[in-house]
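S.K.: Got chain W sorted already, so can you dock chain C onto it with the hints?
In order, the protein sequence lines correspond to chains W and C. Each residue of the first sequence is one higher than the last, beginning at 1 in this note's numbering. Each residue of the second sequence is one higher than the last, beginning at 1 in this note's numbering.
Honestly, the hints are just simulated from the structure, not real lab data. No incorrect hints appear here.
Since the list can't tell identical chains apart, any single copy or any two copies may satisfy a pair.
Below, in silico cross-link-like pairs of lysine-lysine (DSS-like), each with a Cα-Cα straight-line distance of 30 Å or less:
id	residue 1	residue 2
1	Lys296	Lys196
2	Lys384	Lys49
3	Lys144	Lys196
4	Lys262	Lys196
Computed from a predicted structure; not experimentally measured.
Protein chains: 2
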Amino acid sequence: MKNILVIGAGRSSHVLIEFLLANAEQFRWLVTVADAEPSAAARRINGHKHGLSVWLDVNKPNDRKDLIKRSDLVISLLPAQLHLKVAKDCLLLRKHLLTASYLSPDIESMHDVVQGSGLTFISELGVDPGIDHMSAMRLIEQIKGQGGDIFDFRSYTGGLVAPDSDDNPWHYKITWNPQNVVMAGQGTAQYLDQNKPRFVPGYRVFEHPRIVEVHGFGELEMYPNRDSLLYQTVYGLDNVTNMIRGTLRYPGFCSAWNALVKIGLTESFGMIHNTGGLTYRRLLEGFLPVGNGPLKSRLAQYLGVAVDNEIIHKIEWLGLLSSTSVDLSNGTAAEILLELLLRKWKMTGKDRDVVIMQHEIYYRKNHSDHLKVSTLIYEGESLKKTAMAKLVGWPLGVAAKLLMTGQLDYPGIHRPTNRRVYEPVLDGLQQLGVNFIESDGSEG
Amino acid sequence: MKNILVIGAGRSSHVLIEFLLANAEQFRWLVTVADAEPSAAARRINGHKHGLSVWLDVNKPNDRKDLIKRSDLVISLLPAQLHLKVAKDCLLLRKHLLTASYLSPDIESMHDVVQGSGLTFISELGVDPGIDHMSAMRLIEQIKGQGGDIFDFRSYTGGLVAPDSDDNPWHYKITWNPQNVVMAGQGTAQYLDQNKPRFVPGYRVFEHPRIVEVHGFGELEMYPNRDSLLYQTVYGLDNVTNMIRGTLRYPGFCSAWNALVKIGLTESFGMIHNTGGLTYRRLLEGFLPVGNGPLKSRLAQYLGVAVDNEIIHKIEWLGLLSSTSVDLSNGTAAEILLELLLRKWKMTGKDRDVVIMQHEIYYRKNHSDHLKVSTLIYEGESLKKTAMAKLVGWPLGVAAKLLMTGQLDYPGIHRPTNRRVYEPVLDGLQQLGVNFIESDGSEG
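Pulled out of the complex, with its shape left as it was, chain W reads as follows (with noise of 0.2 Å):
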């Protein structure tokens, strides 16, 4: 009997859980779910005979050794400012450790005692980052094994709502934690273009998307992560000429988008005081140079657009020229328009969502250049059963699986983009039905 304890009962943990207990039975596995909300916990585990639910408050550390010590692997879906301590208990207590969070330098700095304790400690075990590493190395790997020289890498996620749910003029919905939306291009975002680093302000993170043909899908706009030169030494690719890892969207999502970051109510620094007293439009307005004319003029005016233009036409649908109160006593301009969103933006009834990722890699093989595009499209079920929540809590139930029974051996802390780790779950995730497409092109 192995013990399996996940740390977290939110919602990134029920496909997560629902795999662990469909595997119970035959792998001889008690799964434990420890939360601080133990209905939450109970929840997951529905009187499932391998299950237990417990509670834990984290920050108790006899509890939280109590629990650790009694199990075989952990997998934390904590917040990630907490997985140090579990990451500190585990290797006292010589337990593994599976996350789905980026791994910190913190963590990554215990790498040596974790290998020579035996220990296997994987992060970025989900979707962007997870599947994104995995696949990408795959990949990489091939090409190089193969001969070819990669001089351009270029890499796309996006978290959509399927077309046969997209019925509003954004072609958006929140199918994620909704954190991530309005903090999407807060930062500056870099990438290599040509040798040279490029820079882009978070305030003009929108501006320029770029237009992706994703294959078997249709165009989509793309505009640049925070984070695309961080995984250059991670993947091996120190000497190619550019390098860009970005964020998809519907065509026309950047363009709006942009017109909210222009007028300001993106920004989640400074407390708008009493927006209780406010409404939507007055909101917008004081955003606005001080002018007159009809407040749509004006905001067309602002943006450079006619008042006829798309964007005027969903940022109204959006209800900002509206004369609704704002629904927040007091909250920064990215929290009231966050909490609108939530609102406008949210997935009903038989929506499904859609993860897409394309990796497009260009190589010199034999004096010519030559083009490897490899493509998920991957569509969720239902509400509760989508393609995100697949694959943030398969990846992780896939190495845990392999840990439990003595198929991954990797003792140190990992990212996901070793063969050793990379190889066996993307072939897990295969037999779940999660498949890359890939398709050859030579260079014009």
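M.R.: Leaving out everything else, chain C in the frame of chain W:
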């Protein structure tokens, strides 16, 4: 014998501790200075027979309580987020508390029980926040007391380099917390204009500075603060139609700083990777649109100014067009810029600072409109005895003296906006040479 405990021996403690020690003999005080750095505390006391320096890790509750228990008054100069712990201890152990930091809602919520215990806690007893509140409130209540009906309130504060020491093209040096320099203008600024709230996103805060004529000093530029409306109710100005609080700079500063914002160099999110290998020139180039021609011309073109414009000269003077390596191995754009500014805008040698404050209050009385202006121009003495250090330290020192000599009895949690505080503290400041000059004007 009364015991006064000062927690924190950093830069802002210098003038305060000197003031307390200078009064210690006469009033029979023991002044204890506690800091995590014992040598810093010892330096402040410098062997004074009424002083005691102690080591304190403020996160150790027992050590903290031990010290607080033995004092009659606590003055906390800790970072703002640590005040709550100290405030709770002071309540528990029945001690008065003074700070120069912003009053947090957490602490404010303790008002009733602090008042019931007969204790006096006063926050915002420095300068901006502090002297600005006190001098504004004195003027507001004076005008109201004489039957004036205030409809427009403007208040400006600036910490600048003194005119004699103003020898760089930016007409600016760092006279206080360097962090504030790059954080200025991050977040939505807001003010009230013709009874309508006006919002300015951070990236546009420096775009349209107002010109302010400071009586006895000359023309300065003013950009709006984030918190203009935070004090509307506190100041009793709920019925005004215009209210703005702003920051003062020498003419020409705002348009040049706005250029840095527009380039993207002030952004405090998003690590710039491999900055170790970057030159300032390449950093700047990375932010500009791709193009040909000399970097300086491309910069001028991006900013929409001539290549010999004063803004380009200022940017060049900072070294941003030079091939010097960025002196920081990893950092956000704002951190890279700050590291540069700390060297270029350093106060050295005989440099002195000046603090400028001006309130402009428009009111109606006897059917006509009037203007009352109150101005403080306070120059520093030296690099160590800056105007800023005095104007932060003295209000705390004067309030401490009032409390310890029984001249200030005002139980509860307060800002210094009540006459019971501002009258005696402003009087004490006047005795130290801090004088506001008032002038009248009739609006045309």
